[in-house]
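**Q** Spelled out, the chains give:
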Amino acid sequence: MNTQTTIAGITFKNPVMTASGTFGSGMEYSEFVDLNQLGAVVTKGVANVPWPGNPTPRVAEVYGGMLNAIGLQNPGIDVFMERDIPFLKQYDTRIIVNICGKTVEDYVEVVERLGEEPAVAMLEINVSCPNVKEGAIAFGQKADALFHITREVKKHARQPVIMKLSPNVTDITEMARAAEAAGADALSLINTITGMKIDIHKRKFVLANKTGGMSGPAIKPVAVRMVYQTAQAVQIPIIGMGGIATAEDAIEFILAGASAVSIGAMNFVNPYTTVEVVRGIEEYMRQYRVENLTELIGAVQ
Amino acid sequence: MKEKQTAIILSQREIAPQIYNMWIETDLAEQAKPGQFLCIYPKDKSTLLPRPISICEVREDRKALRIVYRVAGQGTREFAGYRTGDTIAVMGTLGNGFPVEDAVGKKVFLMGGGIGIPPILQLAKEIRGEKQILLGYRDAHTFLREDMEKYGSVYLATEDGSVGVRGNVMDAIAENGLEADLIYACGPMPMLRAVKAYAAEHSMRAYISLEERMACGVGACLGCVVKTKEVDHHSHVKNARICTDGPVFEADEVDI
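If you read the protein sequences in the order shown, they are chains A and B. Number 148 in our numbering belongs to position 148 of the first sequence; there are no gaps in the numbering. Our numbering runs 301 ahead of the 1-based position in the second sequence.
The set of hints was computed from the structure by calculation and includes no laboratory data. Here the structure is a predicted model, which means the values were calculated and not measured. Fair warning: there could be bad hints in the mix.
Think about it this way: if two alpha-carbon atoms lie no more than 30 angstroms apart in a straight line, the pair counts; the simulated DSSO-like pairs of lysine-lysine are [to be verified]:
id, chain 1, residue 1, chain 2, residue 2
1, B, K539, A, K102
2, A, K202, B, K528
3, B, K334, B, K303
4, B, K528, A, K204
5, A, K89, A, K13
6, B, K344, A, K204
Produce the complete structure using the sequences and hints provided.
**A** Here it is in structure tokens:
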């Protein structure tokens, strides 16, 4: 049985990754799970300089999920290179670094710094964070802007580039095609869905940012649909995510067309989710006598 | 070592309106320190996130933990329905806890307000020093008062004036003419701001325990931050994680 999957020429031991922003750089969860067992660790978004993020409250619970408006707080690329990369290098897992920025130049600066580090397998470009006013999401909601930033990043990147797509658009396939046309090596989707929660007793927004990105099991059907539509529209591989809690959920995404999957909010609910999904996928493959995981990618009929 | 595990409920009862007292059997008790907390997970799948609840007391044999919590919403309402023998999913032990060693040979204020009172109990048990315990309540439902009286001199304040001094714990200090070298406090934000101001005015050190809406509880999601005076060693911005770098901070280090 072979659980390997390949994206843009990079082979992963299994298709299970962590969704950016839910797993730090792996340090906190390494107390709970053996990072060697993961296909990849996708790190929290990092910018060219430290970002303080949004005021609190930054998180809220909603039915079957949560809202977050962290605002991409991060220590900046210098600290990340000195602390987080050496930590992750100790493990036999792939490192995918998520990059955020406010301008094209910000992104390119981080892309170039990471080009010096061969341990970084891939770059994931966050153009879809709904919680940052400038930059970020603006690149992810207009096809021409997405095309432009993808092309600029590709010009400077030494590693394969994943563009992370926002679900907060009219037609995700239009965005996917724009990224592909600009040279993206892969796509990841979905980022969080913009939501809102109001405290009716205080008559106030629960989040200081008013809106936040919704994640968790409640968004899964939307995510599966978008992965399927995108897989029909483009040739490049897809990393699927959105509310995955179990191996069954992960397999749905793979059948819909994802070459790999990421676990996000469910890390907060069950810190062992990632490795449980790895084990569960193996069980599914045994049960249905699937020799190679790749047979399952897009196999829905 | 942090761990998520299944604990067994040994007992539960309501000790004041909407305030519940639960003992759970768990080996997390072996490592529990005063001021640390647990993440407790509702079973209802519509409420996914853990509820951070402070450790009130560690049983002498270190095989069980006591929590005292207020029913504040759907998750804690579910917890309140649990009975002896039921199981509960907990992660712990989390956070830094109060630095008890600083109190040796000193005169200390241990201050709790409302649902910030429970963690003060284990602190009062473990701390060495001359203990003056100040507790602030809404009304005459003075939960945990008798437990506290075993470990120090207890001074009460109630908002409605029904027991002790009318007002809050700061009023109890003034009315009783109390003094101390060091403060440990947990309670609502207005109380902690008053503690911080009092400590600054008297050039004292104060340790305050903060709370904020949390998601992961282990320092990964950056949901529960507090603004700090200096650039934080981990975040490299002026934000510290309450769940991991706290919940206990020196009052003059945080901007509250």
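**Q** Are the hints correct? Go through all of them and say.
**A** Here's how the hints hold up against the structure:
1. With a C-alpha separation of about 20 angstroms, the suggested pair B:K539 and A:K102 falls inside the 30 angstroms cut-off, and the hint holds.
2. Proposed proximity of A:K202 and B:K528 is supported: the alpha carbons are some 24 angstroms apart, at most 30 angstroms.
3. For the proposed pair B:K334 and B:K303, the alpha carbon gap of about 13 angstroms is at most 30 angstroms, so the pair holds.
4. Under the criterion of a C-alpha separation no larger than 30 angstroms, the hint pairing B:K528 with A:K204 is consistent with the structure, at around 22 angstroms.
5. Proximity of A:K89 to A:K13 is assessed by CA-CA distance (about 16 angstroms); at most 30 angstroms being required, the pair is judged to hold.
6. The straight-line distance between the Cα atoms of B:K344 and A:K204 is roughly 28 angstroms, inside the 30 angstroms bound, and the hint therefore holds.
In terms of the numbered hints stated before, the structure departs from none.
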